[in-house]
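Protein chains in written order, with this note's numbering: chain S, 1 to 98; chain P, 1001 to 1897.
Calculated from the structure, these hints are not laboratory results.
So, partial list: chain P residues that the calculated Cβ filter (under 7 Å) puts toward chain S:
| no. | residue |
| --- | --- |
| 1 | LEU1079 |
| 2 | LEU1229 |
| 3 | ARG1279 |
Away from chain S, derived, C-beta distances all over 10 Å, residues of chain P:
| no. | residue |
| --- | --- |
| 4 | VAL1306 |
| 5 | THR1311 |
| 6 | ILE1364 |
| 7 | THR1385 |
| 8 | LEU1684 |
| 9 | ILE1715 |
| 10 | GLU1818 |
Computed from a prediction, not measured in an experiment: that's the story for all the values here. We put the beta carbon where it would ideally sit given N, CA and C, even for glycine.
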Amino acid sequence: MSPERVSVFLARRSYRRRRLADAARLLPLAGGVLFCVPLLWQGAGGGARTVAAMIYVFVLWAVLVVVSGLVSRHLRGGEDEAGGADGGGAKGDGGGME
Amino acid sequence: MTVLNILVLVCLLYVVLLFGVAFGADRAARQGRVRWLRSPVVYTLSLSIYCTAWTFYGAVGFAARSGLEFVTIYLGPTLVMIGWWWTVRRLVRVGRSQRITSIADLISSRYGKSNLLAVLVTVLAVVGTTPYIALQLQSVTLSFAAFAAFAEPGVPTAPLSDMQSTALWVAAGLAVFTILFGTRNLDANERHHGVVMAIAMEAVVKLCALLAVGVFVVWGLAGGVGATLDRIETSEIARFDVSAGRWVGLTMLSAMAFLCLPRMFQVMVVENEDEDHLRTAAWAFPGYLMLMSLFVLPIAAVGLDVMPAGTNPDLFVLTLPLMDGRDGLAILSFLGGFSSATSMVIVAAIALSTMVSNHVVMPIWLHYSGGAAMVSGDVRNVALTARRISIVGVLFLGYVYFRISGGGTALAAMGLIAFVGVAQFLPALMGGLFWRGATRTGALAGLCTGAAVWLYCLFLPSFGPAVFMSETLHEAGPWGIGWLRPYALFGAEGMDPVLHALMWSLLLNVGSFLLGSLLSFPQPLERLQGAQFVNVFDHSDTPGGWSGGMAQSEDLLIMAQRIMGAREAQALFSAAAGRQGVAGYLPEPSPDFLQELERALAGSVGAATAHAMIAQIVGGAAVSVRDLMAVADETAQIMEYSSQLEAKSQELARTARQLRQANEKLTQISVQKDGFLSQISHELRTPMTSIRAFSEILRDTDDLSAEDKHKYAAIIHDETVRLTRLLDDLLDLSVLENGQVDLNVQSGTLEALIDRAVRAAGGETEHFIIHRDREAERVDLSTDLDRLAQVFINLVSNARKYCDADPAVLSIRTAVAEDQLVVDFVDNGGGIPTEMQAMIFEKFSRIGETKAGGAGLGLAICREIMARLGGYVSYLPGQTGPAFRVSLPLSGRMAAQ
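Produce the entire structure from the sequences given, and follow the hints as far as they go.
Here it is, written out as structure tokens:
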């Protein structure tokens, strides 16, 4: 809403936090793309095996759980302001911050 | 005692345990021990109602039919929870700040507290959830029947009437549980601790059951991990030939349903105690889902291998242990399925009953009871009763649906069909959360279009041909228009029916939503709510919409008591009164208070109903232009206001300074006036006293000598002369000060003028010597010579009178510089102390005791005369003695008169 609230430079700590929030936002996108990878295997000759796809999916799943746990652990509450101001982009006519 | 009897006993014990846990949790909550009840772990476990009996039993069946594809149902929610920072966090924050009671309440609240939208969402939710409840009943009865079939091999399948009676018993038991623990309190924001605790326990039971069966299958039946993988390799699901469309589409669908399912919304948003719990759920819930699906594929593969052909793969979880004679494990597995079914039904019933009672029953009841509702009748009881009846109604509908469908395979497909139905909420929900331009018209258009397409393309055809739609309609489309065939809309032939319906319903839904929003203009309340929802992280608490004044606090209190209960309402009112500084229970109906009250009521009866109830008392006026302004340009207003304040305060400071100066001046003038008056009276009094005394002597004493008479008369005469002189001086000064003097301009030389002054002052004597420079004094003057002479006379006679040297020597030095005549009068006297130099030109100022009886007006008069003549007279410090400088412009410029 008000441009003066968005400061250009941040302390190292809040900078880290914002990048962490970015990571939290990116994680589902990355997960979504990676979960689709087994679909690409079908092109190869006789097609993919369910066992391979199953192992891939469950390993990826476990990795996502661990990474999400790490990110969420450090993403403490009460930094909506940081998250809100960092989005910068105005959405809608009132400038929804996210 | 047969296995079946044990099963019934265990089941009953389990139900008793469930009631006990719920009861204990409620009691602990009432005693204030809520911390362990409300840990992030409990929150995460309560989210697991996503895994219903359909997923507990059905996932294995799904996997047995189409391999790994079943996992998409869990991948969607996993991605949503991992991406909690995007959506779930915002949902929870909005839900908490607006005291949202259900997803219908959220959508209605966002779009101007529109009840029409709430009703639409409620109806769609009921239509979508009822078959789902039927599905749970079916799964319980099927599993029971499977047990019976194994326990008594003589009877291949249980008779249908038995199944139906089982379903009825289960439904009735669930209704009792839900009513007992789900409608304990009216306020949806007062969490249902008992229910949440019970479903958390059920979450643990179902996870343990599935894991136990999985471990048994992998290590007990298949003989290790490697052997299990080999079994999968050799089974009919060994090839991973999933269509990309279904893989992506089902993942997206389950993600959308996770956000939109009424029961998920209930546990995720409404029952959320602390936003921080999301941080734990963000990884723990995906982990839970992973564990739930870990053994699904092995169980399916082994089941396909071991079980005789034609066995229902949906029940592998149960029949595999039974077949191996592991009755204990089978009972545990049965309890897992039972838990999945009951927890889903309980929460769904609570969520739906809240929606139905808040958005359908209460508005109708309010409408028919009119304004009288506020003064008579117990709203609280009505709302609770409505909720209880709704619970029974929802469960009964589920049972009826189960009976009509006959527990056929049509029901099994119901899960995904319901998902597509509730996914229709998503555009309105997300649009409302992220886009301020979303309007009520758009949301209505989107929901109606999406729901219609879903009904036409998926829901109604799912009952099979000839139930709702004729065979010809399926084949050729309505009126023979091939483009409108339910499974091939707009010519999209050959698509998977679920994907087909999902694509068209969501596309048309989003399209109508956007178009409707772009073309319509939102009402003030919508814009206000839109700003609060979209910018929820900027201001979770913004000024509200009531313009009070017409509202009667007492009426409001009566109404609030009927809804919230007397004690809570009185506490709320007296707290508000205290904040306003009013004693007692009745605060002023200020907009802030009305907003607070509305939020509090919304927790009990939903935003739309609360709004309508307050509107009945307050009188409609909801949003003032000022409120909108406040939201729209709060900042600008504050800045303008503060700059105005600053300007005002500066002006005030200036005025204060001026006033202070004026006051100082007045005080000085007053002091001067007082001093002047006392001086005058003193100066007049002294000669008067002697005149009076000597005249009395002359009058009253007869034998005075002529000499004395003459002497006294001379004194009287002298004093009168002195008085006259004083009065003349005063008059002179007053005339000069008022600027009323007429200057009589003459021409002459300075030499003659000084001669005249020296003569008038008594001339030179042996005790008073005057040094002059007659050469320099030959200057022609053109000014009021008489007045100038008066100044010179005064200065010369002052030197004569006050010079304490003997002989006194007065030097009169004349100089002309830059058209300016300067005459200095310097004598050899003792001089004037520095601190007195500033004072000597003031009226009545005299230095030391008077020797010559002057009134102290001479120099004051001199100063005034010189000011009139355009010059000045000043004390000249740094000379041999007292020195005065008279300066006069030569060109005869006079001061303005």
